[in-house]
Amino acid sequence: MHREERTNQILVITSHQGLVGIIQEAVQGSLEITHAADEKEGLEKARKNFPNLIVLGYIDPPGTAFQLHRKLREGWITKNIPLLLVDADTSDQAHRVLSLEEGLQIEADDYITLSGVDTQASATRLARPIAALMDRVQTRIQQNANVLREAILDPEVFCITWEQIPGRGAFEMQQEELIENARRAAKKGTVHAVSVTDNPGGNPAISTEILCTEVRKLGIEPLVHLAFRDKNRNECESVLYGLAGLGVRNVLMLTGDYPSDGGFKGRSKPVFDLDAVHGLQMLDMMNAGMDHETMGRKVKLAPTDFFAGSAVSPFKATESELLCQYYKLDKKIRAGAKFVIPQLGYDARKMHEIMLWLRMHGHVNVPVLANIYILPLGAARLMNSNGIPGAVVSDKLLATIAEEAKDKDKGRSARIMRAAKMYAMAKGMGYAGAHIGGHGISYETLEEIVQRGDEMAPRWRDLVPEFDFPQPDGFYFFEKDPDTGLNTERSAPRKEKGAKPPIYQFARVAHATMFNPSSVVFKSLRPMVKMIDNSHRMKSAFEFCEHLAKVAMFGCQNCGDCALFDVAFLCPMSQCPKSQRNGPCGGSYLGWCEVNPEKKCVWVRAYQRLKSHGAEGEIVEDIVPPPNWELMGTASWLNFYMGRDHSARKLGIAPPETKAGSKKAAQSQAGQGAKA
Amino acid sequence: MQISEAIRGGRFCVTCELTPPKGTSIQGFLNAADMVRNYADAILVTDNQRAVMRAAPLILCQVLKSRNIEPVMEICIRDHNRLALQSQLLGAAIAGVENVLVVAGHDVLVGDHIDAKPVNDMSCSSLVQAAVMLNQGKDLAGHNLEGSPRFSIGIEAIAEKGLKPDQVADLREKVAQGAQYIITQPVYEPETMAAFVESVSDLNVPILVSHIMLRSASMARFMNSNFPGVNVPDYLIRELEGLSREEVPAASVQLSIDLLRRMKPLCQGMHLMPGGWERYVPRIVDGVA
Ligand code: SF4
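Those protein sequences? They're chains A and B, same order as listed. Here our numbering is used: position 526 in the first sequence is 526, and no number is missing along the way. Start counting at 1 in the second sequence, then tack on 1000, and there's your number in our numbering.
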């Protein structure tokens, strides 16, 4: 349970034993009391236990209570914990909790003096202020509740999120508008969260994390987009701690578009250290309270309270792309995605497909927010020419919008109507809400969409024919239902051909013999490999040879934590510009890579290879961990045999007894153990 | 400039109180003085206030004077005998101090030197009398002085609703001795202030209402239980209840302004006791003006 959900913890800090008894008497067992007798213990318990209320009485020597009160008020962890100062024993002037001068500077939530009253009467007097403060704790928790989470999870509520663009620069109109929009949204109440994209389009922009903390101050829940393009795993973790510390809890985990060519002096280095599946796993660990080790001491970090979602791009024309998208979505959900926002698209059958796919694959309870973008002609043209990775506008839709743009209002009412209709369909199809975006959209427009959408929702089925914009020969997961224009529950035939290039066949044979721990070859080779591993010279020679061979065959980048086995013997480090280990990014187009359109997406190739022997379903099975950079530049075959890489661990290959193993190997093993 | 003169000139007088450092570093004191100097007619420097030992006000008054800030020196009968009190006053006059506030001081038991010996050689009214004599060129024992001060002498008073006859008599006595103005304890109810003003109206001296900004609900309750004669009504406390540390100052400034505006017509000036919140003094003074 998250620590803020415990609501009956009270910490009494005083060196005056009598007060503890009085408080016990006052709360009559309704609250759990912890006692700390001095300043040090008090601070420690306040920080660790995170009580709902702190009662501070006299502490030896005089002046200590005031100092402690200051520390609690100014402390990062304790600043918001309600604090009650109690003067219990006033028979003795010198042992009052505060001096007169101190008393004028206190910032506690309440102060009470029990001068000259006996225990019973004191308890009676204390009961009221304690109850009042505990009430306030309850209200604070309620006020602090994650409105977005509640709205998404509540089947009765249709959740609205409003997407905003942060903008490059520090003092730009985009930021002005964003804050103004958030302010209005906070005041009006239709919108449950304001979401801010993360360096959209791979361009640098003002930090979404920082803007989102500002948005939260305005009184509306922010939804932070976190793209793994620009941050490595440590930076992601660090940013997330920052957000947690400042009370921002909703995150949308995304791979991210490739960095644009508009960076400072050229294109930025793409990071992609983690993929969205890893990010979700990490967040899940953080929510459970991450274990970590400092100076040989194991500690569990205080749990965070994140609510994370992820994306899926179902608007894919080919079978391989679409299947891989859903495989990856499955992994995301297993990794902890609590809701899903699909990529943009204007195809009712696809909208319906996602919901049906989730239902047919055991994910009935995963809420989906429809992605509704108010589409003007310019953006439509851009999307039509695949200018926004993964966002699809078919030729037919473009022609319709071009026609509408000739209207007197330049197509404004038509595009708002289109958004409202999508809203209505989403509502009808059982979506949990709508994620609404659009350039320069005012709050009024947003409300108009919601209002009209709500009106049209009961007859949403009539609207389906207006959203019949398939991609030419586009693949759908299910067969079409001619009556509704949507999908039946029957899977569509999958006719895409498998591929079995010679290198693939060779690699499979080699794998089955040499990299199978139960094979004779593996067992007999192991002692020799151990020998090589222990000799510095032999090891370097081996590393060199392995690298040459693997560069020639696979374009190896020497990461040392080989993922060839996981991606049908295609190297995700070199063949996928985004190093995706668990499925494709959202950007592929007609099977081609988003970044490198002359090349097939590595996941399309992997799918086809596996399909050649009916094994494409394997893609969904294991979540492949991110590469362990400790192994960078080492020979992955040695790492496999010596039980150091992720594949060895998956297959249960234990490292050989450490006496023989080098010190480094033993260390790296220990390091991995903690991370696994 | 004498406070009593300023008031006689017909303006609403603003004084602001600063506490000397506990130690020798006066930077904080000077910073505080700079924050309020343009918003107050004079700055009062306290004398071991609430029985907490601090640097001597005399020297800080001199520092203020050298920076062209008008000082008011508090002088407390608890810590000095009649020799020391008079010599302090003469010293202050040499430093250019023209305003003194005579106070009784808290019991040493509430302060930070509980074993100190309270002197209390003189009463407040006799100290007022002594100061008047110094003004006239004589010391308490009747000896002539070489050069004499020109103090404007103030006294403190608890402003309670039902002022008892002996309290009024005490004030009357001090005024008869030569006290020229009264600074009250903090008052948080305009009705109380009105009643107090009414009961001392025949003394015919100007009254300054003093004010401590509310730091938190707990601080207000602390004052209610520990400062005799101070009563912060519940409705004010509720305004601050549940506010975060960051939200309190703005709310508190507003409460101060509203309250002081209501009391302004009743008195001739106000005495602010910011106690570390000097940065809010300008907003209050502007708000009340
Ligand atoms: S290879 Fe596929 S997954 Fe990798 S960047 Fe290209 S489109 Fe995305």
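FYI, nobody ran anything at the bench for these hints, they're computed from the structure. In this text, a Cβ means the ideal position worked out from N, Cα and C, and glycines have one as well. Take the hints with a grain of salt, since some may be wrong.
In silico DSS-like cross-links for lysine-lysine, where the CA-CA straight-line distance does not exceed 27 Å [unchecked claim]:
(1) A:Lys40 x A:Lys269
(2) B:Lys1138 x B:Lys1065
(3) B:Lys1065 x A:Lys71
(4) A:Lys497 x A:Lys427
(5) B:Lys1264 x A:Lys40
(6) A:Lys650 x A:Lys298
Pulled a few chain B residues facing chain A out of the computed Cβ check, cut under 10 Å [as the list claims (entries may be wrong)]:
(7) Arg1050
(8) Lys1138
(9) Gly1142
(10) Met1223
Comparing the hints with the structure gives:
no., hint, in the structure
1, A:Lys40 x A:Lys269, "violated (47 Å)"
2, B:Lys1138 x B:Lys1065, "holds (25 Å)"
3, B:Lys1065 x A:Lys71, "violated (37 Å)"
4, A:Lys497 x A:Lys427, "violated (37 Å)"
5, B:Lys1264 x A:Lys40, "violated (47 Å)"
6, A:Lys650 x A:Lys298, "holds (25 Å)"
7, Arg1050, "holds (4 Å)"
8, Lys1138, "violated (37 Å)"
9, Gly1142, "violated (39 Å)"
10, Met1223, "holds (7 Å)"
This entry does not satisfy hints 1, 3, 4, 5, 8, 9, going by the numbered hints stated previously.
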